[in-house]
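S.K.: Here is how the chains run, residue by residue.
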Amino acid sequence: MTPGGELKALLGSAAGRSAVYALLARCFRHPAQVEQHPLPAPAFEAAFEPAISEHACSLRAGAYWAHEQSTLFEELVRFYEHFGLARAEHAELPDHLSVQFQFMHYLAHLEDEARADRAAIDALTRAQRDFLERQLRRLVYAVHGALKSGDAGCRELVALAVSCVDAEIARTSRAARRNPDIPSTT
Amino acid sequence: MNVDRREFLRRAAALVGSLALPDFVPPPAAAASRARVPAYASWADVYRKQWSWDRVVRSTHHLNCWFQAHCAWDVYVKDGLVFREEQAGEYEPVNAHLPDYNPRGCQKGGCFSTRMYEPTRVTHPLKRVGPRGGGRWERVSWEAALDDIADAYLDVTVEEGTDRTIWDLGPGIDLGVSMAAQGRFSMLTQSVGLDMDGEIGDSRRGTLETFGKIVFERSADDYFYSDLILFWGGNPLYTQIPQAHFYTEARYGGARIISITPDYNPSAMKADLWIPIKPGTDAALALAVCREIVFGGHVDEAFVREQTDLPLLVRGDTKRYLREADIAAGGQAAYHVLWDAQSGALRAAPYRSLALEALVPELDVKRTVRLADGTDVEVRSVYSLLKDRLAEYTPEAAGAECGASPALVRRLAGEIIAAKRLANISQTSLCKYFHGNLAERSIALVFALTGNIGRRGANFSGFPLLTPDGGDKFTIPPSLSEAAATFGKLEPLIKQRMAAGDTHEMIVTDLGRLLFVPGNPLLRLPVWTSGTLFWHVHGGIGELAEKSESWGLGNKRPLNEYVEESIAKHWQPLNPPPDRPPRIMISLCSNPLRRARGADKLLEVLWPKLKKIVVLDWRVSSTGRQADYILPVAPWYERTSLKWVTPLSPYLTITNAATPPRGESKCDWDIIVMLARHIQARAKARGIGSVKSPQGLEVRLDTLYDDLTMQGAFKEGDDDKVARTLYELGNTHKKLTWDELKEKGFARFENLPDEPSSIGNMCEIPPDDSIVPLTFHVRDKVPYPTASRRIQFYVDHPYYEELDELLPRYKAPPKIGGDYPLVMTGGKTRWSIHSTWRDSPLMLKLERSPEPYMLVASPDAAKRGIADGDWIRVRNDVGSFATIARVSPNLRPGQTLMYHAWEQFQFSGAGDMNSVSPTPLNPVELAGGHPHLTAGVLQGQNSVFDRDTRIDIERLRGRPS
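Protein sequences appear in the order of chains G and R. Using the numbering used here, you'd call the opening residue of the first sequence number 1 and step up by one each time. Using the numbering used here, you'd call the opening residue of the second sequence number 1 and step up by one each time.
Careful, some of the hints might be misleading.
When the alpha-carbon atoms are kept at most 25 Å apart in a straight line, the in silico DSS-like pairs for lysine-lysine are as follows [as the list claims (entries may be wrong)]: (1) R/Lys734 / R/Lys744; (2) R/Lys735 / R/Lys721; (3) R/Lys547 / G/Lys148; (4) R/Lys78 / R/Lys49; (5) R/Lys845 / G/Lys148; (6) R/Lys735 / R/Lys715.
From the structure, some residues in chain R lie toward chain G, with a derived Cβ separation under 8 Å [stated by the list, open to error]: (7) Leu15; (8) Arg36; (9) Leu490.
Rather than coming from a laboratory, the hints here were simulated on the basis of the structure. The C-beta atom is built at its ideal place from N, Cα and C for all residues, glycine as well.
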């Protein structure tokens, strides 16, 4: 099976999706915070830490947000709180790509656990689609567009994130079309 | 692992079934998954629950807003994050008549919650990788960073001396918790702090020359009592956002506003009369007004006789004041002499008090007197000499210099003469002109001649500062329990001076001066030195003045001769001396590569001398980019401290830690204490005990942490405890406890601070009325801290004689940078406080262009074929830079204006706005060995001059590479 096919297969189950999101969340944390990070710290910092490298692109949605930061934070925190997640004491900021992937990891994990509960799965599918549409897609595309690093690992990581998010948006949109109870995000 | 898709999938597959949420606290794992899935139909559902805050904290921003510092804010916190802030509109009315202070705050403070979370914030210690300025950094641990810095510090201190470590103290210093740490570190190690007041262009030299101090200012509501307000040397409606309403509200009381400025600036637009003058010609205008006052017979003689040196006599042979010792055997050398019209004889001027008692000093004196040695000399009163000088400043002559019509000069004089309560707003603009001291002296003369000093609504504007006075009691003694004994050593000296007639203000001011003379055996103190002189000598900025003889400065000798003489005679402080190059620089609340005029030279000359450059900051400033380490500082919502304010808004306003510091950030206190801990540990490990300072003081390195923390009484994490202690040690606030203050966020000063940087206000701080500085002099007749003990217009120092500045006069602006047709003026930007917000994307949206620009007068632009938005090159003999031209109809032809604080990295191509500003020293500021020109805290040192910078501009074809 090709890697593309394997990714598709992995994203085919809630457990697999949860695992993909978990790994993406890990990969977009600073290497010092993660064991066996796929990127060396200098490459990560040069690509994603604007405080360290003026050519770095930010992994924070706030960097690409044209409106008040508090409105961005509020929506993110509302999403997280709605599903029972409180912010950890030394957490990254709520708009960080890693945090947003963690949230998707959690929703997919809940979906996996609630596999027999249709109503819960519908709710979780709607939430994933909405969060992807309203937040995550915007951020991964912004990062993709702003990425200046020539490091192959960094570029591949961002490309993977875009692929996953695209695939997930397609999946949740299909689910919405199949189920008219899932309303539009707009 | 590599980031290839197959490896990614392999690792993802290994995570199936796991749950890892390092940035979240999930609901209890025991709960059924179904219970954990709430109803969710659409995104709107997440908005249904009412939003709530975890807490609302009173805090502020302890940066250098100076004239508008500070404002209490409600800071809204949720999930350990600051979401927003809102002005705290709870300032109580001072009385029913005066406008109140509500609300306080500007757009910069209103977006700090965004600024502090910008992606460029530094949250972990960063170490340079590759060459300085290469732009490559790596995160390192605190342990690694501080061990490396500690070892470098020990190497330098042991091998080269204690004075090789420099604290670059920027304008953001708080004189609170941060400075408590730095002050104790400096006191214990005899490392050197740079006094930045003159170096940032805030010297107010002419005010010092005239009043013996620079610090005195009213509360902003006092303007409500004025009937004529002069905006002269300030643009307050643009730069004092929270206070601007007081100036316009004064009109409700009938006040008129006259703006005197080259450009039609935002404050001029709101004035009743705008008097446009050429940049740097203020002294000519002021002296013409003085002439109208004197020759028109409008002098307030009672005030002038009592409060000023105008009746004092000056010897014609020596051009020095006549002293009692000159005329009588056994007479006092310190006593000045006047001619008493009542007795018709020479009399010593009152010394312990300004009160004249039975004396009636004659103002216009010119006579021959016999000295104690039998010789006859001609003496003249300062007033008599002044009349001669003023005679040449006819409205016609002055108008030809300053550009105002004679009729307008006369009108200004007429309005001033008619005013019963004259006030001015002079910020720190005039002192950025090379001859700004003369302008300040001349304007002060207007106020003195008309008696508009030290009265409610009538005052000359000095430099505003109000500092809580607990800092010295914390910083200087070995421990708090030893404070009384430490300061008790000074008691005999204080009693002796008081008995000799010195005032409390003089003594407190002199205690501040001791900071500049290291090695004092009586009292071990932190070491300060002149920031300007440090950059000039050690930083190489003096090299830029090599061509200064062609700039029309009016010096009688090469500039270096004055510098060398001043340093050799210890007239001006320079620590370390020229032959001891600095080796370590720690920047605290500072950004000298952005700020210092001619900063390119620092990189060329100073940087190679420095073995370690450490910047404490929460963002990567221009200086940070050229450092070896950037240590992440917690910004104001993440730490607790107190700070100076000004009488304009006399409310101590605290920062309050609303949230924990982000990442690994720490407050300044913690960082300095941790550094001391590492130095102590490394000293012990390396077998280093103590060293001697150049002056012979023992500096213990193996107990530095223990000594700095008072044997562990104030450790890392104790910033709140330190702030509480500083507050409780002070005498300025007794009504609120520290806990009550933290709750409220601000508290009006109750008493005049008893410390060098604030004592000069010399007035009460009434709870129910405005503040009127200099009251103790004018009402209570307490002598001024000048050589003559009066407001002094005659400065009998050799440099002043050599440069013909014994009396106020006008000198044409020099052509600093070369003979070019345009003058580059400047001013504070509205969209940042210094550089703190200068690269804030949010604030840059409010600028016409988000990158550096220069305002160019329409005729000058047209003459050069420059259109609005064109790229231009700005150049003169010392440098050049590129910027965008903004063509402005508001500027006077020949004037350009560059609002300040653009970071170096915001410019395109080589150079920045400081590259054309060589800022040569003014020799009169090198004077010393004189009672009130001696360097002291924030005064009496060299300053910088960028307002006389001459340039030309040319259109570029586009953005330079």
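S.K.: For each hint, tell me whether it holds in the structure or not.
M.R.: Now the hints, each set against the structure:
About 14 Å separates the Cα atoms of R/Lys734 and R/Lys744, which keeps this hinted pair within 25 Å; it holds. Between the alpha carbons of R/Lys735 and R/Lys721 the distance comes to roughly 19 Å, so the proposed pair stays at or under 25 Å and holds. Annotation: proposed proximity of R/Lys547 to G/Lys148 is violated, straight-line Cα distance about 45 Å (limit 25 Å). Note on R/Lys78 and R/Lys49: the hinted pairing holds, with a Cα-Cα distance of about 15 Å set against a maximum of 25 Å.
With a C-alpha separation of about 24 Å, the suggested pair R/Lys845 and G/Lys148 falls inside the 25 Å cut-off, and the hint holds. Using a Cα cut-off of 25 Å, the hinted pair R/Lys735 and R/Lys715 is violated, with the two alpha carbons roughly 28 Å apart. The restraint placing R/Leu15 at the interface with chain G holds, with a minimum CB-CB distance near 4 Å, inside the 8 Å limit. Interface restraint check for R/Arg36: the shortest CB-CB distance to chain G comes to about 6 Å, inside 8 Å, so the restraint holds.
Restraint check, R/Leu490 versus chain G: the minimum CB separation of about 47 Å is more than 8 Å; hint violated.
Violated hints, listed in ascending order, are 3, 6 and 9; each of the other numbered hints is respected by the structure.
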